[in-house]
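All residue numbers for the sequence shown refer to the numbering used here, where the first residue is 1 and numbers rise by one.
Please keep in mind that the hints were generated in silico from the structure rather than gathered at the bench.
Note that the structure is predicted; figures quoted are calculated from it, not measured.
One thing to keep in mind: the hints can contain errors.
[Said to hold, decoys possible] Simulated crosslink set (BS3-like; lysine-lysine; CA at most 27 Å straight-line):
(1) LYS316 to LYS510
(2) LYS145 to LYS27
(3) LYS457 to LYS491
(4) LYS594 to LYS361
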Amino acid sequence: MISANNLSIQFTGNKLFDNVSFIINDKDRIGLVGKNGAGKTTLLKIIANLQEPHSGEVIIPVNTTVGYLPQEMNINSKKSIYDEAVTAFSDIQELKNKIEEYSLEISERDDYESKRYLNIIHKLTEANEKFQLAGGQTVEADTEKILTGLGFTRNDFIRPMSEFSNGWQMRVELAKILLKKPNVLLLDEPTNHLDIESIQWLEDFLINYFGAVILVSHDRAFLDNITKRTIEISLGKIYDYKVSYSDYVLLREERIGQQTAAYNNQQNQIKQIERFIERFRYKSTKARQVQSRIRMLNKIDIVEIDDMDNSAIHFKFPPAPNSGKVVVETKSLSKKYDTNTVLHNIDFLAVKGDSIAFVGKNGEGKTTLAKIIVGDLDYKGILKTGYNVSIGYYAQNQSEMLDTEKTVFETIDEVAVGDIRSRIRTILGSFLFSGETIDKKVKVLSGGEKSRLSLAKLLLTPVNLLVLDEPTNHLDMQSKDILKNALLHYKGTLIIVSHDRDFLQGLTNKVFEFKNKKIKEYHGDIYDFLYSRKMQSLKELEVDNKKKFQTETQEKKSESKIKWEKKKLFERDFRKITKQIKNCETEIEELENKISEKDKILINPEKYKVILSSDKLYKEYENLKIRLENQMKYWEELQLELEGLKKMELIS
Numbered sequence: 001m002i003s004a005n006n007l008s009i010q011f012t013g014n015k016l017f018d019n020v021s022f023i024i025n026d027k028d029r030i031g032l033v034g035k036n037g038a039g040k041t042t043l044l045k046i047i048a049n050l051q052e053p054h055s056g057e058v059i060i061p062v063n064t065t066v067g068y069l070p071q072e073m074n075i076n077s078k079k080s081i082y083d084e085a086v087t088a089f090s091d092i093q094e095l096k097n098k099i100e101e102y103s104l105e106i107s108e109r110d111d112y113e114s115k116r117y118l119n120i121i122h123k124l125t126e127a128n129e130k131f132q133l134a135g136g137q138t139v140e141a142d143t144e145k146i147l148t149g150l151g152f153t154r155n156d157f158i159r160p161m162s163e164f165s166n167g168w169q170m171r172v173e174l175a176k177i178l179l180k181k182p183n184v185l186l187l188d189e190p191t192n193h194l195d196i197e198s199i200q201w202l203e204d205f206l207i208n209y210f211g212a213v214i215l216v217s218h219d220r221a222f223l224d225n226i227t228k229r230t231i232e233i234s235l236g237k238i239y240d241y242k243v244s245y246s247d248y249v250l251l252r253e254e255r256i257g258q259q260t261a262a263y264n265n266q267q268n269q270i271k272q273i274e275r276f277i278e279r280f281r282y283k284s285t286k287a288r289q290v291q292s293r294i295r296m297l298n299k300i301d302i303v304e305i306d307d308m309d310n311s312a313i314h315f316k317f318p319p320a321p322n323s324g325k326v327v328v329e330t331k332s333l334s335k336k337y338d339t340n341t342v343l344h345n346i347d348f349l350a351v352k353g354d355s356i357a358f359v360g361k362n363g364e365g366k367t368t369l370a371k372i373i374v375g376d377l378d379y380k381g382i383l384k385t386g387y388n389v390s391i392g393y394y395a396q397n398q399s400e401m402l403d404t405e406k407t408v409f410e411t412i413d414e415v416a417v418g419d420i421r422s423r424i425r426t427i428l429g430s431f432l433f434s435g436e437t438i439d440k441k442v443k444v445l446s447g448g449e450k451s452r453l454s455l456a457k458l459l460l461t462p463v464n465l466l467v468l469d470e471p472t473n474h475l476d477m478q479s480k481d482i483l484k485n486a487l488l489h490y491k492g493t494l495i496i497v498s499h500d501r502d503f504l505q506g507l508t509n510k511v512f513e514f515k516n517k518k519i520k521e522y523h524g525d526i527y528d529f530l531y532s533r534k535m536q537s538l539k540e541l542e543v544d545n546k547k548k549f550q551t552e553t554q555e556k557k558s559e560s561k562i563k564w565e566k567k568k569l570f571e572r573d574f575r576k577i578t579k580q581i582k583n584c585e586t587e588i589e590e591l592e593n594k595i596s597e598k599d600k601i602l603i604n605p606e607k608y609k610v611i612l613s614s615d616k617l618y619k620e621y622e623n624l625k626i627r628l629e630n631q632m633k634y635w636e637e638l639q640l641e642l643e644g645l646k647k648m649e650l651i652s
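Build the full structure now, drawing on both the sequences and the hints.
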């Protein structure tokens, strides 16, 4: 258990947070949230002992290890992917070296009864025991499992780190931290460099992780799937909720609503008292009542409404100029980097009004096709843009393309033309750049500020095709929601590369999956795509199960026999899932009964005063509610799996 006590820190005279205190429990799953610049990264660095607070302290128990992944790192490793990953096991490697050293020395000695010989035997035994406890026997298996989970292939293991982009190198850094298995994981925007498949793998890993996990993330779905507790930093204070992010948002609104209502009621009461005092202050017959009211007024504790940081970007895209029906079309389009083929014979069509998501593992060609469409890369094959198509492009590294020596105002001013120049300050104000901030140089801006500035540049020219490559990286939750709302009201054609499932949900009507140098089209939004992919994987599993009962020399089975086998497979899976559902429902019923019994005690505090005198009952009650919530979620997942199984049976 880590304890943060009265932490305070300030920058340029302003307090980032003041007298902040909280506790991190052994198996906590905490989402650390707040606007860009609220102090989330700073707080992680303080916990990781990489930065000192101006006051307060963090108490970490002896033998408690902490692993910290920053948002960005400068990595200059000359090693291969695998060799760099196994540097996480430096302690184990040291033990291995000692074991080899002791074993060699024993083999060269023959003084079996000497004290020196027995001492070496003792050291060898001790080193072997430590090696086993540290997981020395599973180093290779663990390393392979985590690297493949994060998207590397076995062929990548022997390739040097320098051949990979910074994003892929950050994955290796994440792998190293996961391999070290610290008691507390501090992860600052870990999904920024991951694709959807790797994010889903990381979710499962963190859900089942043995220690505590603290996440800074602007991926709402990622937070909801992992965290059970949310700590918000806002205007120098923290608010601690024992719920996931989405539930926290509702509870925060409810809390502010209740405080506002209580404040308004109290203010009305105060006004009534003040009116009475003012009206009868000089009447001797009412002197006693007036004095009573004055004492009442002095005793009132004024209700306070928690401060909320309501500053947010606000904008909408300019009206899209009219274009032809066909916006972009490719035929047999291919792209190579040296000898590496990324896209091969791609046929792609975007028509007017389409909202398209590009998804798939990193390195499969999503950004490549986006760059080809906007004219930044050459290619082989055919690419046609439609009549009157004008393109606006937000690159994945858009913020890196800004001139760091220019000011915020100069960055916009140099590309603004015509009447829009008179509205530069208004546009910048919409993106939270006002007053002295417009004179800041780009090099001192945070990642979120650079992203906002890059988005502001998109408003300068009306376009009818927006191509956005990872536009949500570094944006806070509120900014993401506002960007999504602006895109929902955009009347042009949209192509967006993103791994943020919550951001993509409901935003697109088509999904193109990039895989094995090809693309495949799915209709619907990201969750329709993920559901389709799950159905496909179930069918692949079905095929694999059938192959277990086949030999290479077996003749092709008759259609009736195949149908019979499919039916048997379906019945087996159906029985398994229905049994799991029944067991789950029994567990839910038992938990609800136990909660009901506790409710009876809680609503009769006088009758059960002895029982309620300790906090044991409250802890049991809270634990039962958490177990019930998990069982309800598991029941829903089983029902979805059952529905999918039934659909597969109908299709087949």
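Structure-based check of all given hints:
no.: 1; hint: LYS316 to LYS510; result: holds, 23 Å
no.: 2; hint: LYS145 to LYS27; result: holds, 23 Å
no.: 3; hint: LYS457 to LYS491; result: holds, 19 Å
no.: 4; hint: LYS594 to LYS361; result: violated, 46 Å
Figure legend: structure checked against the earlier numbered hints; the only hint not met is number 4.
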